[in-house]
Amino acid sequence: MESRPPAAAAMTRTVVIDPVTRIEGHAKITLHLDAAGHLIDTRFHVVEYRGFEKFCEGRPFTEMAGITARICGICPVSHLLCAAKTGDKLLAVQIPPAADKLRRLLNLAQLTQSHALSFFHLSSPDFLLGWESDPAKRNVFGLMAADPDLARAGIRLRQFGQQILELLGGRKIHSAWAVPGGVRTPLSVEAKDWILDRLPEAKATITLALDLYKTLLDGPLRKEQRVFGDFPSLFMGLVTPDGRWEHIDGMLRFRAPDGTIVADGLSEDDYASFLGEAVEPWSYLKFPYYKPLGYPDGIYRVGPLARLNVCDSIGTPWADRELEELRDRSGRVATSSFAYHHARLVEIVACLEAIEQLVNDPECRNGRVRSRASLNRNEAVGVSEAPRGTLFHHYQVNDDGLLTRVNLIIATGQNNLAMNKTVHQIAREYIPDPVPAGTEIPEAMLNRVEAGIRCFDPCLSCSTHAAGQMPLHLQLLAADGQILAERRR
Amino acid sequence: MSVITLSVNGKEVAIPEGASLLEATRAAGVEIPLLCHLDGLEPVGACRLCLVEVEGSNRLMPACTTAASEGMAIHTHTHQLLDYRRMAVELFFAEGNHVCAFCVANGNCELQNVAVQVGMDHSRFPYQYPQRVVDASHPLFAIDHNRCILCTRCVRVCDEIEGAHVWDVGSRGSHCHIVAGLDQPWGEVEACTNCGKCVDVCPTGAIFHKEDTTAEKLRHSDRPALLKAARDEHVWRNQ
Numbered sequence: 354m355e356s357r358p359p360a361a362a363a364m365t366r367t368v369v370i371d372p373v374t375r376i377e378g379h380a381k382i383t384l385h386l387d388a389a390g391h392l393i394d395t396r397f398h399v400v401e402y403r404g405f406e407k408f409c410e411g412r413p414f415t416e417m418a419g420i421t422a423r424i425c426g427i428c429p430v431s432h433l434l435c436a437a438k439t440g441d442k443l444l445a446v447q448i449p450p451a452a453d454k455l456r457r458l459l460n461l462a463q464l465t466q467s468h469a470l471s472f473f474h475l476s477s478p479d480f481l482l483g484w485e486s487d488p489a490k491r492n493v494f495g496l497m498a499a500d501p502d503l504a505r506a507g508i509r510l511r512q513f514g515q516q517i518l519e520l521l522g523g524r525k526i527h528s529a530w531a532v533p534g535g536v537r538t539p540l541s542v543e544a545k546d547w548i549l550d551r552l553p554e555a556k557a558t559i560t561l562a563l564d565l566y567k568t569l570l571d572g573p574l575r576k577e578q579r580v581f582g583d584f585p586s587l588f589m590g591l592v593t594p595d596g597r598w599e600h601i602d603g604m605l606r607f608r609a610p611d612g613t614i615v616a617d618g619l620s621e622d623d624y625a626s627f628l629g630e631a632v633e634p635w636s637y638l639k640f641p642y643y644k645p646l647g648y649p650d651g652i653y654r655v656g657p658l659a660r661l662n663v664c665d666s667i668g669t670p671w672a673d674r675e676l677e678e679l680r681d682r683s684g685r686v687a688t689s690s691f692a693y694h695h696a697r698l699v700e701i702v703a704c705l706e707a708i709e710q711l712v713n714d715p716e717c718r719n720g721r722v723r724s725r726a727s728l729n730r731n732e733a734v735g736v737s738e739a740p741r742g743t744l745f746h747h748y749q750v751n752d753d754g755l756l757t758r759v760n761l762i763i764a765t766g767q768n769n770l771a772m773n774k775t776v777h778q779i780a781r782e783y784i785p786d787p788v789p790a791g792t793e794i795p796e797a798m799l800n801r802v803e804a805g806i807r808c809f810d811p812c813l814s815c816s817t818h819a820a821g822q823m824p825l826h827l828q829l830l831a832a833d834g835q836i837l838a839e840r841r842r
Numbered sequence: 065m066s067v068i069t070l071s072v073n074g075k076e077v078a079i080p081e082g083a084s085l086l087e088a089t090r091a092a093g094v095e096i097p098l099l100c101h102l103d104g105l106e107p108v109g110a111c112r113l114c115l116v117e118v119e120g121s122n123r124l125m126p127a128c129t130t131a132a133s134e135g136m137a138i139h140t141h142t143h144q145l146l147d148y149r150r151m152a153v154e155l156f157f158a159e160g161n162h163v164c165a166f167c168v169a170n171g172n173c174e175l176q177n178v179a180v181q182v183g184m185d186h187s188r189f190p191y192q193y194p195q196r197v198v199d200a201s202h203p204l205f206a207i208d209h210n211r212c213i214l215c216t217r218c219v220r221v222c223d224e225i226e227g228a229h230v231w232d233v234g235s236r237g238s239h240c241h242i243v244a245g246l247d248q249p250w251g252e253v254e255a256c257t258n259c260g261k262c263v264d265v266c267p268t269g270a271i272f273h274k275e276d277t278t279a280e281k282l283r284h285s286d287r288p289a290l291l292k293a294a295r296d297e298h299v300w301r302n303q
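In the order they appear, the protein sequences are chains A and B.
So for the first sequence, this note's numbering puts the first residue at 354; every next one is plus one.
So for the second sequence, this note's numbering puts the first residue at 65; every next one is plus one.
Chain A on its own, in the form it takes in the complex (with noise of 0.2 Å):
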């Protein structure tokens, strides 16, 4: 976020970009102009307002994993995760070998379904088609006339990653069998056996689209790399105890952009110590950053670069090479908000190569999966990794197990500094300064603004714990608030 516009002056404009497209959730962003048509500020206000944390109070912890995974139909599964392991935490209980490597190859198919939306549905019709071509085709659709094997590709990626949460959780969206002390059914021969039948194709799928994108990236993406939210910050993120690439388990790590440890071995149980949330009136989306900072210098990120740039390494072959050519690219910590697309490619990868070996692993298929207790502890948090980043899911409840407070700290909302700060910096790139009074700002302008919040592929509906599908809403502002100029979509 940058600096507060100032209170009502003449003749001030602000563009409004409402709604944001081609991410999950609603949202608006306004660019605002001081008289002279000096761009002087940017927010990006996420506009609903759903009240999870509220209404989850009174209602049994068990319940925890199924009502959360119905904050959103894209990674339900996250949610479901981590109310699964503060749950267990709850009750107190080491979960089964099984039921731990079953819910790894649930977030990993998670992970690799959700990327493989964001990088083909949403995010590459602008790099494939053109950020000036026509808005109303530049979209999975205007992707599959242009390219129509790429999308195929794309789309059974993506079915890849859903199917295997089928068949494990027995339905792609909203499976509640991740539950407070492990998970509910084994791998089934069946189950493995089409993993393992699909993989070669969801390698090679993942292998065309990182050669395609690295060729864009050395050519006409060369300078979205330096200016779609290019800037210092934090990056946090879960690493295994040794430092390499977590997404379940481990401890957390902020590392600086310069590469220097800032904290490691973090426990989320700590999380209060180490993040504050701060609120402000204009946006639903609270807030966060690291304490020892202070509010806004706390910036950091997370996600899937954040989760690159503060692992040591990933631990397989193929991902590694991947990391190792992404740190070459864009530095050992790579600090351009443009690097999610190319972190998220890398991480399919990852995953791809864990998922092969989890279904291999015999372990998955033994039938001891849920440890049983009753409530042992009166409060909790659990942590996951999110494909959008960490997610903390903090209970306490009386000593019935029923919830008297919920805090849920999501993904998207750890990067809410960064968008701000994504978007202001594209907008400076890109939009004429001044803006000459009365002028219209080109559409692929605007999209490039729009593009810098798909960056980080934001899940409003979680992050606000809201509803609804997330169009954009983009206003230019005058200094005394007048809409000057605006999109909506």
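Keep in mind that the hints were calculated from the coordinates and are not lab data.
With a Cα cut of at most 16 Å, we get these calculated EDC-like pairs of lysine to aspartate or glutamate:
hint, chain 1, residue 1, chain 2, residue 2
1, A, 644, A, 617
2, B, 75, B, 119
3, B, 274, A, 753
4, B, 274, B, 199
5, B, 274, A, 752
6, A, 567, A, 678
To give an idea of the chain B side of the interface with chain A (calculated C-beta under 7 Å), a few residues:
hint, residue
7, 165
8, 198
9, 277
For every residue, glycine included, the Cβ atom is placed at its ideal position computed from N, Cα and C.
Following the hints, complete the assembly by docking chain B onto the known chain A.
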């Protein structure tokens, strides 16, 4: 035992004297929706889903509690009855807080089944969103009053089969609710034997095992009849 004859939707049936209209409909092979009735428990006519038309009477009769008599002619699926049944089910949904998505009984719920059976696709009545609570004070089980439809199966099974009479009905009108003991937290009622029969017979997710998560509840609605047969007739299922 003497036998009486009557007609159900025009079909003649013969049933033992003293049998109910519900038994007559079963003898005729006619299925009508039921929620409060459970074989093995005394019928109470609470849910009103089994209402039937009796020729010569200007009011509708609950089949479960009305004794059949010689020469009766009843109708079970008239347009008026179908409409009333659907209306009754809509009112069940409107007056409680039935959120199937994460309910322990989702997919194994008699209220859901009946909604499908009567063709309910929405409620024509405004949802009341009553403020109700969950009582999870019992070490093994919990009761979520949001999901209770006041069928009183729990009251009856605890009284008639288990003999503990932990449950009863308190208050009146829209405040009517199931109470444990003397309207105490369930976990404080010493009469409770922890048998779980109330969990077995609850048609919705109102009474459940505390470790059950979404869609995990198993019902055992047949148990009262089996226990009654074992007790009264010394007939056990595994014999």
